[in-house]
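Peer 1: Here the structure of chain Z is known, so what remains is to put chain A in place on it, guided by the hints.
From first to last, the protein sequence lines are chains Z and A.
Counting along the first sequence from 1, when you hit position 233 you're at 233 in the numbering used here, and nothing is skipped either side.
Counting along the second sequence from 1, when you hit position 32 you're at 1032 in the numbering used here, and nothing is skipped either side.
No lab work stands behind these hints: they were computed from the structure.
Fair warning: there could be bad hints in the mix.
Below, in silico cross-link-like pairs of lysine-lysine (DSSO-like), each with a Cα-Cα straight-line distance of 30 Å or less [what the hints assert, rightly or not]:
id: 1; chain 1: Z; residue 1: K74; chain 2: Z; residue 2: K264
id: 2; chain 1: A; residue 1: K1229; chain 2: A; residue 2: K1084
id: 3; chain 1: A; residue 1: K1071; chain 2: A; residue 2: K1229
id: 4; chain 1: Z; residue 1: K74; chain 2: A; residue 2: K1141
id: 5; chain 1: A; residue 1: K1084; chain 2: A; residue 2: K1071
id: 6; chain 1: A; residue 1: K1071; chain 2: Z; residue 2: K123
id: 7; chain 1: Z; residue 1: K220; chain 2: Z; residue 2: K124
id: 8; chain 1: A; residue 1: K1141; chain 2: A; residue 2: K1231
id: 9; chain 1: Z; residue 1: K274; chain 2: A; residue 2: K1201
id: 10; chain 1: A; residue 1: K1289; chain 2: A; residue 2: K1201
id: 11; chain 1: Z; residue 1: K121; chain 2: A; residue 2: K1293
id: 12; chain 1: A; residue 1: K1231; chain 2: Z; residue 2: K121
id: 13; chain 1: A; residue 1: K1289; chain 2: A; residue 2: K1255
id: 14; chain 1: Z; residue 1: K124; chain 2: A; residue 2: K1064
id: 15; chain 1: A; residue 1: K1289; chain 2: Z; residue 2: K121
id: 16; chain 1: A; residue 1: K1201; chain 2: Z; residue 2: K124
id: 17; chain 1: Z; residue 1: K123; chain 2: A; residue 2: K1293
id: 18; chain 1: Z; residue 1: K274; chain 2: A; residue 2: K1229
id: 19; chain 1: Z; residue 1: K123; chain 2: A; residue 2: K1084
id: 20; chain 1: A; residue 1: K1071; chain 2: A; residue 2: K1255
id: 21; chain 1: Z; residue 1: K124; chain 2: A; residue 2: K1293
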Amino acid sequence: MKKSALAAPAQDRPSGFAQKCKHIWSYRVFYLMLIPGLVCLFFFHYMPMYGIGLAFREFSFTGGILSGEFVGMKYFQQAFRDKFFLQALRNTVVISFSKLIFGFPIPVIFALLLNEITNQKYKKVAQAFSFLPYFVSWVVLSSIFINLFSLDGPFNYLVQIFGGQPTVFLGEGNTFVKIVVITGIWQTLGWNSVIYTAALSGVDPQLYEAAVLDGAGKLKQMWHISLPAISNVIVIMLILSVGSILNAGFDQIFNMMNSAVLDKAEIIDTYVYKKGLQEMNYSYGTAIGLFKSVVGLIFVLTTNKIASVVGGDESTLF
Amino acid sequence: MSKKNPNAIRKTRGDAIFGWIVAILVGFIALTALYPFLHVTSVSLSTNDEAFRGGFHFFPIPGKMTIDAYKNLLKAPSVWLGYKNTILVTAGGTFLALVVYTLFAYPLARRDLPGRNVFTFLLVFTMLFNGGIIPTYIAMKQLNLLNTLFVLMCQNIVSAFNIMVIRNFFMSIPTDLEEAARIDGAGHFTTFAQIVLPLSKPVLTTIGLWVGVGHWNSWFAATMYIQDKNKLVLQAVLRNTLILMSNDNASNFFKQAVEGTELGQIQVKSALIMISLIPILVIYPFVYKYFEKGIMIGAVKG
Chain Z
1 MKKSALAAPA QDRPSGFAQK CKHIWSYRVF YLMLIPGLVC LFFFHYMPMY GIGLAFREFS
61 FTGGILSGEF VGMKYFQQAF RDKFFLQALR NTVVISFSKL IFGFPIPVIF ALLLNEITNQ
121 KYKKVAQAFS FLPYFVSWVV LSSIFINLFS LDGPFNYLVQ IFGGQPTVFL GEGNTFVKIV
181 VITGIWQTLG WNSVIYTAAL SGVDPQLYEA AVLDGAGKLK QMWHISLPAI SNVIVIMLIL
241 SVGSILNAGF DQIFNMMNSA VLDKAEIIDT YVYKKGLQEM NYSYGTAIGL FKSVVGLIFV
301 LTTNKIASVV GGDESTLF
Chain A
1001 MSKKNPNAIR KTRGDAIFGW IVAILVGFIA LTALYPFLHV TSVSLSTNDE AFRGGFHFFP
1061 IPGKMTIDAY KNLLKAPSVW LGYKNTILVT AGGTFLALVV YTLFAYPLAR RDLPGRNVFT
1121 FLLVFTMLFN GGIIPTYIAM KQLNLLNTLF VLMCQNIVSA FNIMVIRNFF MSIPTDLEEA
1181 ARIDGAGHFT TFAQIVLPLS KPVLTTIGLW VGVGHWNSWF AATMYIQDKN KLVLQAVLRN
1241 TLILMSNDNA SNFFKQAVEG TELGQIQVKS ALIMISLIPI LVIYPFVYKY FEKGIMIGAV
1301 KG
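The shape of chain Z in the complex, shown without the other chains (with noise of 0.2 Å):
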């Protein structure tokens, strides 16, 4: 037993059938602690993933998951024709690229600002504030906004201040767009600027007092140093979340909507739901999870293998 544990680093390498299988069970212990994760790995990833073959077949409620009749690209062609989907469609790119827009620079900016606080007991619980929301799930900060937001709400009151008159912010579908984009925008500004401000920690202070020297003001290093020092990550972080395109905030949004504003909160992810869970309508929402799926791949795929050749091998996620 021992000997064989000891075995393990084997530097010379196994020629022959005998002296391989012999290299591999020495490894037994290891392989025994990666079952675990592949049994799960299998039932809850693989598994699902077999499933998608539905998206390609009627569902049988009587035989397995794959017993039902063969329709090729049917629910596919279904959802090109479906009006109720492209709506959606367009719904989850402009509300995911309006948050892109608007809500990348928020964070770079709220680095930058952190960054000239020179009190580090403000620094630190400013910051530890800002990333509260991101901590608190959908459900409840929903709630608090369907509240915030309702017609005896603080905005409400603020908008009868100045003249006007109360509305359903949340009823209408532009200002409900507006609304979940400022929101989401909010519950993630904090946390996205943790990435800046580490990178902004690593900045050598001997640049500052030369500027300083030089005679630059506040605003002057935070252009000349602090930002080109950041712009890698930035770029990088940029292309990378142009790769999560299709990703509009599920929790977000399903928690927010209301029947009232479907033609422009509904998202593909909500689609899903409604389609294939809630009509039962499985072989269709499997088709349209997949067509997400892909496409978020190709995505993710494209924008990591850009982001790789901008900042080389350590920026990227694979």
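Peer 2: Chain A only, in chain Z's frame:
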């Protein structure tokens, strides 16, 4: 030279103003992040005339405070049941996940393991592609896991990202330590359990907290897999009562919750939100450092 001095003084004054502007902006952002929570807290503690006053609520007003909403909510069996189930799922799920993660990460941390690339690929591929919700739902149904707390615990039980983070940490442990243990006659598993795991406490705490908060906040799996009222987790109870207000359970819930008090629904709703938030808010100051660390270890690629 003498001309430079007044210049320098003006600059510091400019810097001081700049400093104030920055501090105010940062303070404003921090306050914005905090406001919704201040709002629910103060409304949940307010009497009717305060709670139904329009406008912003920052702090509960002394003299216009009541804790009736909390008192009544704590009498509601569904809240307790939700709490119990959430705690079970969070504790069980985090424990299971850490066991699976560490057991899986350790062999992957060995560069010489035959077949290492295959196992790594099987793992990382799940990051790129998944079955989607419908096939996953059907798979859980076939496994007879619907309406069990176990299926909720198994959410995220193999997370490629988390496992790779732990693997990277394991790889950074000097091999001399492990070799020394083995020379002393310890087997691989003993080395893992008695040398490697204790050394990995920081990373395991971070990941554990991460997974734990995920379970605490998780609601979608419960929405999808659980119909049985006795197995609803807290987030599902919240969703049913606060967001899907139209159904009968919710209105019954609120009828009972405001019974015998002068309260309106808004305080009860806010108190319900607070009840789910309090554990997060209480541990947050102590663990937020770990969260911050979390994103940084994630940024280190293996």
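Peer 1: Could you run down the list of hints and mark each one as holding or not?
Peer 2: A quick look at each hint next to the structure:
1. Between the alpha carbons of K74(Z) and K264(Z) the distance comes to roughly 27 Å, so the proposed pair stays at or under 30 Å and holds.
2. Restraint check for K1229(A) and K1084(A): satisfied, since their Cα atoms lie roughly 13 Å apart, inside the 30 Å limit.
3. Among the hinted pairs, K1071(A) with K1229(A) is consistent with the structure: their alpha-carbon atoms are about 23 Å apart, no more than 30 Å.
4. Annotation: proposed proximity of K74(Z) to K1141(A) holds, straight-line Cα distance about 25 Å (limit 30 Å).
5. As the CA atoms of K1084(A) and K1071(A) are separated by approximately 18 Å, the hinted pair is consistent with the 30 Å bound.
6. A hinted pair counts as satisfied when its Cα atoms are at most 30 Å apart, and K1071(A) with K123(Z) does not qualify at roughly 37 Å.
7. Between the alpha carbons of K220(Z) and K124(Z) the distance comes to roughly 25 Å, so the proposed pair stays at or under 30 Å and holds.
8. A threshold of 30 Å between alpha carbons decides the hint, and for K1141(A) with K1231(A) the separation of about 16 Å falls inside it, so the pair holds.
9. Between the alpha carbons of K274(Z) and K1201(A) the distance comes to roughly 43 Å, so the proposed pair goes past 30 Å and is violated.
10. Straight-line distance between C-alpha atoms of K1289(A) and K1201(A) comes to about 15 Å, which keeps the hinted pair within the 30 Å bound.
11. Pair hint K121(Z) plus K1293(A) holds up; C-alpha atoms about 18 Å apart against a cutoff of 30 Å.
12. Of the supplied pair hints, the one linking K1231(A) and K121(Z) is violated, its CA atoms being roughly 43 Å apart against a limit of 30 Å.
13. With a C-alpha separation of about 42 Å, the suggested pairing of K1289(A) with K1255(A) is violated against the 30 Å cut-off.
14. Between K124(Z) and K1064(A) the alpha-carbon distance is near 33 Å, which puts this suggested pair outside the 30 Å criterion.
15. A hinted pair counts as satisfied when its Cα atoms are at most 30 Å apart, and K1289(A) with K121(Z) qualifies at roughly 14 Å.
16. The hinted pair formed by K1201(A) and K124(Z) meets the criterion: a straight-line CA distance of about 24 Å does not exceed 30 Å.
17. With a C-alpha separation of about 17 Å, the suggested pair K123(Z) and K1293(A) falls inside the 30 Å cut-off, and the hint holds.
18. Distance check on the hinted pair: K274(Z) and K1229(A) sit about 22 Å apart at the alpha-carbon level, within 30 Å; holds.
19. This hinted pair does not check out: K123(Z) and K1084(A) have alpha carbons roughly 37 Å apart, beyond 30 Å.
20. Among the hinted pairs, K1071(A) with K1255(A) is consistent with the structure: their alpha-carbon atoms are about 14 Å apart, no more than 30 Å.
21. A C-alpha spacing of about 14 Å is found between K124(Z) and K1293(A), which places the hinted pair at or below 30 Å, so the restraint holds.
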